[in-house]
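As given, the protein sequences belong to chains H, C and B, one line each in that order. Residues in the first sequence are numbered from 1 upward in steps of one, following the working numbering. Residues in the second sequence are numbered from 753 upward in steps of one, following the working numbering. Residues in the third sequence are numbered from 1182 upward in steps of one, following the working numbering.
It is worth saying that the hints were derived from the structure and are not from the lab. Mixed in with the good hints there might be a few duds.
As the list claims (entries may be wrong) - Under the rule of at most 27 Å between Cα atoms (straight-line distance), these lysine-lysine pairs were calculated in the DSS-like manner:
id : chain 1 : residue 1 : chain 2 : residue 2
1  : B       : LYS1277   : C       : LYS986
2  : C       : LYS961    : B       : LYS1413
3  : B       : LYS1417   : C       : LYS961
4  : B       : LYS1417   : C       : LYS936
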Amino acid sequence: MKEKTEVTEQSKRPDARDLQDAGIKTAKRVAIALAGTWKIYRRSLTGMIGMGIVLGFLVVAVTAPWTAPYDADFKAPAVDTFIADYAFRDLPSDNNWTEVLGLTSSARERPLERVMIYSEEGKVTIYPTTFGISEETNEIGIVIEESSTEQLPAEADYLDYAHFSQSFFFVLNSDNEKDNQSATLYEYTYDFLYVREHEIPFVPLYKSNLWNGYSPLYQVGRLALAFADDHNVWMINKRPPDISESSREGATFTNNLTISNATIVGNPLVVDGDFANGSMLIVPTDIGLMAYDLNVTKSLLTGKVLNVTIDALRWESDYSVEGEAFEPVVGDDMIIFQYPYQPTTAIGKESVSVATTDGRIIAYDRLTGNVTWSSKPILPGIRDFEISSLHSSPEYLVMVGRTGEKGLVAGLDPKTGRVGGNNSLFSTVDGYLNSPPQYVSGQYRFVFSTDKGTIYLITNEMKVNATFSAPRGGAVTPVAFLGNIYIEDSKTGNYFGVITEDNSLFVETLTGVNIAPLPPGTYPSGNYYPLGTDYEGHDILTQVMFGTRAELMVGVTAAFFSVVIGTIVGLVAGFYSGFVGELLMRATDVMLSLPYLVIMLLFAAAFGPSLFNIIIIFAILSWAGIARVIRSVTLSTRKRAFVDAAIVSGASDMRLIFRHIGPNVLPYAFLYMTFMISGAIVTEAILAFLGFGDPNAITWGMMLQYLQISGHSLDAPWWLLPPGIAITLLSLAFYLIGRAFDEVVNPRLRRR
Amino acid sequence: MALLEVKNLKVHFKIEEGWVKAVDGISFIIELGETMGLVGESGCGKTTAAYAITQLLPPNGFIKGGHIFFKEPSRVTELRRKYDESLKGASSNARRKEIARVTKKLDPLRGEQRRLQEELGKLQQQRGRAPESTASPAALKKRLDDLATEAGGLEDRLSALTYSYDLLRISMRKDGSLDDYNEKIRKIRWTEISMIFQGAMNAFNPVFKVGDQIVEAIVLHKDVSDDEARERAKELFEFVGVGPDRIDNYPHEFSGGMKQRAMIALALALNPSFIIADEPTTALDVITQDRILVEIRRLQEQLNMAMMIITHDVSVVAEVSDNIAVMYAGLMMEVGKTTQVFKNTAHPYTAGLLGSFPSIKGKKKRLISIPGFPPDLVNPPSGCPFHPRCQYARQACQEGRPKGVEVEPGHISYCHYAKELWDELRRRE
Amino acid sequence: MAGMARYVAMRSIQTFVTLLIILTLIFIMFEALPARPQDLLATTPNMQPSQIEFMIHLFGYDRPVLDRYAMYMVNMLTFDFGLSFSQAEEVWDILKERIPRTMLLFGGATILAYIIGIYLGALIAWRRGGVLDGSSVVISLVFYNMPSFWIGLIFLVVFASELNWFPLTGWYDPTDNLPYLVDILWHVSLPMIVLLLLSLAGTILLMRTAMLDVIGENYMVTAKAIGLPERKVLFKHGARNAMLPVVTSFVIAFVFSIGGAVVLENVFSFPGMGALYIDALFQLDFPVAQATLYIITLMVLLGNFAADLIYGYLDPRVRM
């Protein structure tokens, strides 16, 4: 039986030539019909205008990446959007300036008096800073004065500085011409008034972080530095100068320590260099951490520190947790150990943490060396990451790492080592961090820079708060935190500095005012924003241009699906005009009396904001009007003779519906699709505006939503107008096309 | 007296492609109480002519010339014709001069009239006292009457000169469009000229009761109460053969025939002197058609109204009209008494038209249809518009537009060869 | 008149059935949502399991679907909406003072839009082809395609912020020193004008098209021919008929207008049902959202019912 059918079908099947002829015929017929349609359509001026506008938007949508003034995710640089105090200084071009020296975390309250930069050639330049009328801004602000450049006595391979009543800096010269067996640590004041040399009996492989306990109250500090090679540690402690004696240098105490049973693998760490009992030296070795007490001898009479020595090994702890052994992470100049706590007592930090090569972080009790916790941080959505360093902040243990091409910062709970805020306190940034996240205490934010030259300000919740790219080509050095200027009632505060691409020193305060949304115009960066920017610095014109893509996509797709549903319902209801048709029409009536926008909001709220959801929701809720029209067209088409002829010739229902009635219904479907597109565009905008839009898409509705939630709806007309005009224009254009096409489909309407 | 004289009427429609010369210079006369049938194929301009007379043209219709004299007294008509004859070919100045001359004569007469009237008034007030004036009231009255006659004659002349009975003079704007809602025209509408519309099916507003619509028309023009108007509407319903209780029904509750009768009742509501019936029977079935025609004839006999029946159906005209006017492509082809046109056809087009309609009463004949199609009225053929389809067409037919030829008294054919063909056409009968 | 009574009865029944269907749809919609209300009840982590169980029981989520459906239908029809998730208050207490506000805004704007729109639409169609026609069609088209919130924002900027003619937000401000009702009208006018303009655009366009259809009708020629003055031909005969399709479109206009009201309430911080609805959706406060949606739908249905009655009055043909 089955075979038989197939045979007959085959015998019926027209040969290729017939098919080709039929194809040509159909094509011709379609072409003629289209030409006829066009002839009538052309007469409608409004229709032509509508079509022109739609084509214009289409061109914009397609060419946006090339024609838009900026990239889709472009943000105006901070120089434009941020009113902040800043200053530039062009640097001598004969040196390769590689670093701006920043403050250590324990000395951040220090006022900014000078900026010190350092070149590859071993040259140091110090620029004193004052507060006055800035050349760049012509306003009161920081001024970088002429430099006092000094050539260092020897080529330095380590540089750091400390603050006492006078600031000191240290230069390590390990390229000792004499014997290659020792190194020299030079100690200078900023004004080079005093120099002291310390011999280190080996060439250091590892350099300690500078522990610089600066007290803003007394303008004095205490200092500890440690250097190590494979088996030796050399430490220098510096006592605060005696104010009454007006001595500049204070006393220095140096110590030697040799570890013979293990190899040192990283920077030795001075934990709490305060001259009190409980200060420690922690040395990472290949077999474990070794913690030594520091023994401080004080004068019973005056309380003055008389001597500091490295005492006995307090504890020794390996990296294994529950029997597993790991290697510690050893970064180039990254810090491996940190103390996660601000001191709660005079004795200070409670634990010492270390990161291991497999991404685990182990915390040891500071006094006993017992493991208090070990943790593998969980970052949702990020499977593979490496830890580069750990840092401290008042609240968290800050973990810096990398995943793929991106840098990573996360705030870990110091009690558990887990990522805080239910694994939400982390951010990824473009490029790897090239400076530790430095806590800006007054602002509860961190500042750091990446190897792509961007400076990030992140919140205490580890979310990106602002990004800056330094002007004049962007930063080429890690950002350095320089200190504060305390002047009442001015835009001053925490200053940072970088060296920029075109070899200038750029110093700016982080305590600026965001002045975006920017009105149209040209801004300090040289950028021209033809329609201004939004509050995040996005160029409005760029956003409008890129928004066209989503709008067209949403409009056309949503309308298409809604028309497909409506056409099918209408065809079926019109064709089976009995019970089924009646039922479908009742359903259509109910759909029509539903407040669809209100229900769309419900679905959008429940299913989550995405363009796809909006399209589906729109299609499901707005087919009713079309179904009605298609049904009446179907009813009238069914009465026509050719349908009767088809029925008589035994065509199946499906064939009748899709082959005979369908083509007659199509113009109406197309007609209502144009109307639906304009409806969908406006609906998307409304949903987005009310907060149910897709936050990942650039749409005109989202632009206006941001306008509303950022509270600028009353004062940023350059931001309010363009997206609205664009929505109106595009929606109107499709509507006009519909009207003009309506005249083609319903000749009755012509010449009105 | 002629009730209606249409003279050289031209009505053109403005469309995208240009001007449709729907009516391009037609003339005819309808006497009081007479019925005229206006016949022609659809699209020949007959309805346009009717709408021009009633001033119901759509906004794109423009009068491009001609006159519609309505209820012009015969003496004015005579004077007008005389003047037209004498001023023919003269410049428009001549007419203006003539008007000035008549006005100059008329003005002192009017002044005198006023003065005498005042005097007469004074005299009447002073009645009972000693007469101061020598003139007696009787003499004054006599003088006034004479003056009135003299002035009346002059006024007639003025009317004739200025075409003051021309409906178009009242409402036509400079560009030829009509002031649709001109007060004077509105007064004439329905009280003087009413219309039975083509497609009476939709002539009633579907949301109002039929009776109310008739009442609306009566109350609009007559100072009567709604109740009185209702009574009148009932009478009218009875008169046209619809139950008077149906006046409270809505149009959709009426059958086609009833609607047509109600339409006739509406047309008769204010006893107009002239009714235009535009295809009054087209949409009806044959039996109802016949009944309505009988009705129309009866009414016309009873009420002695003049009528113009517009139809493409020659048999209708044959049944009810006294005269026939045949139109083709916006032009008159033949005008005459019904019998004249039917029996002594003097135009090839009429012959064709008659040939294409079956006659119920006459002898059985072969139906002959006219070959070809009606012309495009945007670019009508030169000369006689019928020449492309006319089997008798000659060179002259393509050139000049034919003038009316009176082949027998009151029977005019607009054919270059009317006289020659008249015999031939009659022979064919 | 019997025809009219039967017509009203039929329409009432039809409206009620539609209401039942829509109520069922709302129930199904809320059942189908991926966010389960019972999950939302346990918002604080400290909640004891017994407390959560009690809450679930309180809101009836432990019963079978059909039971809940029956309970829901009875509750909705008796306006017993239960407790809000986010505020410890009866939903009805939250809703009841907001309903008249939205009714005033949406009802006022819709009715005015219809009256003015029908009048203007008829007039524009009557003077078709002229400057008035062209410009008003263009303006209407533009307004028709404008997103409601945007034009609302622009009006807010221009008339409230810049010109200070209207207050920026709210419903009533005792510091205005105006009589209560006047102050309310002053507050409601700006959103109402915007909503009015938006609804007006559609009505004008619709009425114009309908009127153009009517102008060609024979009875219009009749009306003119019997000597009626222009005003009567236009309004008594023309507009009266042209209104019919416009009244038929009431339901679409109502739906459009209520959507506009919801959006504009949010733009103008107008404490009506629309603002409440959006808040409820953000907090996933299901009882409030459900009740608000129901009341809004009911308003649309009642408006539609009124439109049906008007249609029945206007067009004798449907009363058969």
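Hint check:
| no. | hint | in the structure |
| --- | --- | --- |
| 1 | LYS1277/B x LYS986/C | 57 Å, violated |
| 2 | LYS961/C x LYS1413/B | 16 Å, holds |
| 3 | LYS1417/B x LYS961/C | 13 Å, holds |
| 4 | LYS1417/B x LYS936/C | 22 Å, holds |
Comparing the model with each earlier hint shows a violation of hint 1 alone; every other hint is respected.
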